[in-house]
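> Each chain, written out:
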Amino acid sequence: MNKIISLDEAVDKVKDGDTVMVGGFLGVGTPERLIDALIAKGARDLTLICNDTAFIDRGVGKMVVARLFKKIIASHIGTNKETGRQMLAGETEVELVPQGTLIERVRAGGFGLGGVLTRTGLGTEVANGKQIVQVDGEDYLLETPLRADVALLFAQKVDTEGNMSFHGATRNFNVYMGAAARISIVEAKEIIREGFMDPDQVVVPGVFIKYIVDGGAL
Amino acid sequence: MMDKQAIQEFIAKRVALEFQQGDLVNLGIGLPTLVANFVPVEKEVIFQSENGCIRLGPAPDPENVDPSITNAGAIPATILPGGAFIDSAMSFGIIRGGHVDVTVLGALQVAENGDIANYMIPGKMVPGMGGAMDLLSGAKKVIVAMEHTAKGAPKLVRTCDLPLTAVKAVDLIITEMGVIEVTQDGFLLVERNPEFSIEEIKQNTGADLHVSPNLKNMAI
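Protein chains in written order, with my numbering: chain F, 4 to 221; chain L, 13 to 232.
These aren't lab readings, by the way, just hints derived from the structure by calculation. Mixed in with the good hints, there may be bad ones.
Straight-line alpha carbon distances no greater than 27 Å define the calculated DSSO-like cross-link-like pairs of lysine-lysine that follow [claimed, not checked]:
no., chain 1, residue 1, chain 2, residue 2
1, F, LYS84, L, LYS163
2, F, LYS84, L, LYS16
3, F, LYS133, L, LYS136
4, L, LYS136, F, LYS74
Keep in mind the model is a prediction, meaning the values are calculated, not measured.
Start from the sequences, fold in the hints, and give me the full structure.
Written out as C-alpha cells, the structure is:
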C-alpha cells in the first residue's frame, strides 16, 4: 500500500482542537517541513505533546510563536522564551512532565497499558493529585497514558510501507509516538521507492504509520 | 579571587576526580558539561546523554558537524567507537533503572537532608525539569556541581523554599569553596579550598556545616 501523500494533504489531517504529538529533541529529529506546512495552513487550539518546545526559529518552537497551541505538555521549555512568556501571561497552559515519565506515558498510550509506575517526581509538585501505588513496600506514582489525534514524526529513511530507520540522535520520541496517535504521519529525509527496507534495518515497523511525506534534503 | 569562568573550571576539575574506571556518567547542562573536558581518557568513563547517545565524545571540527548528532543541549557532538544511538524510552530506562553510576547536575538550592531544587523559580523562570527528576531518582550517585552562593545568598540551605526536583537525592556537593558530603547529620565539609577559611565557608552556608576530622585541602 502506498502511503505517500503531499505536504498539503498531510497537514489537512490536523483539525482545530486536535492533540498533536511531534517527535524531536530540541529540534533534532523533528519534521520541519510538516511543521512549516501546518503553520502556513493555520490551526487553532491545538494541544502539543513534545519533549520540549525547541527554539523560536526551529522545530515546534515555530508553532509556539505562531500561536497554534492552547496547551503544551513537555518536559522542558527553557530554550524557547516565547513559551515561557505565553505561560506566565496565562495565554497558553503548560504541563511540565519529567522526560522519562513523558516518554513512558506516550509508550503506555500506544501500547495498550493503563499507565506506568515510577518513583520519578515523588515528593515534588509533579506528584500533586496523583495516585501513589505501593509495590513490595516501595511507593510509586501512577502516571496515566497519553494519546493523540495526530503524530508528526521524522525518520531518516522510510519505505512505502512506512518502515522507519534513523540516523544519529533522532530516534528520541519518534519511535513511540506513532503508536499513540490515531493518525501518524512520518516525514522522511529519504523514501525508498524501489523495493523495501532490509527488515534487519527497520527500527519502527510501518504498522503504526498511516501517511508518509517527502522531507527531501533539508 | 577567581572570575566566574575560572570558578566553573575549578569546580569541574574537582568533579572529574570523582569518577571510577568505566563509570557510566550523565552530565547536566551548563557547568556540569565542562566536567567532560577534565576526565582523562584512560579512565574510560562512558558519557550518556538523555537525547539518545552512549559514548558521547567531544565537539567535532566545524567542517564535520552532523546536525543529527548533538548532546542533550543540542550542541554538536560526536560518538566514540563502541557507542550507540538509542530512543528516549531506552535512554530513560538506563537512567531510571539504576544503570547510570554518576550524574552531575547544577542546583538552585540543596538542603541539608539532600533535597534539591533546580528546575523552576515560580513566576520568574520556569524552564522545566527535562530529565533531571529521572536522573535524581535513578542514578546511583548524585553530585551537585555549583557555585557556593548566588549573588551572595547561600545555596546550601536548611530547607529548600523553591519547588523540589527530588527529595533526599544529593550525595555530594562540589563548589569553589569545598567538597561537602550530605550525611545523616547534615552537611559535612570534607575538603576545603585553601583560599577560604572554614569560618568563611560557614558564613556562606545557610545551614549547619560540620567539619570532618579528616578535612583535606581540595584535591585538583
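> Each of the hints needs a verdict: does it hold here or not?
Evaluation of the provided hints:
1. F:LYS84 - L:LYS163: Distance of about 24 Å is within 27 Å: holds.
2. F:LYS84 - L:LYS16: With a Cα-Cα distance of about 25 Å, the restraint between LYS84 (chain F) and LYS16 (chain L) holds, given a limit of 27 Å.
3. F:LYS133 - L:LYS136: Given pair LYS133 (chain F), LYS136 (chain L) holds - Cα atoms ~26 Å apart, limit 27 Å.
4. L:LYS136 - F:LYS74: holds, 19 Å
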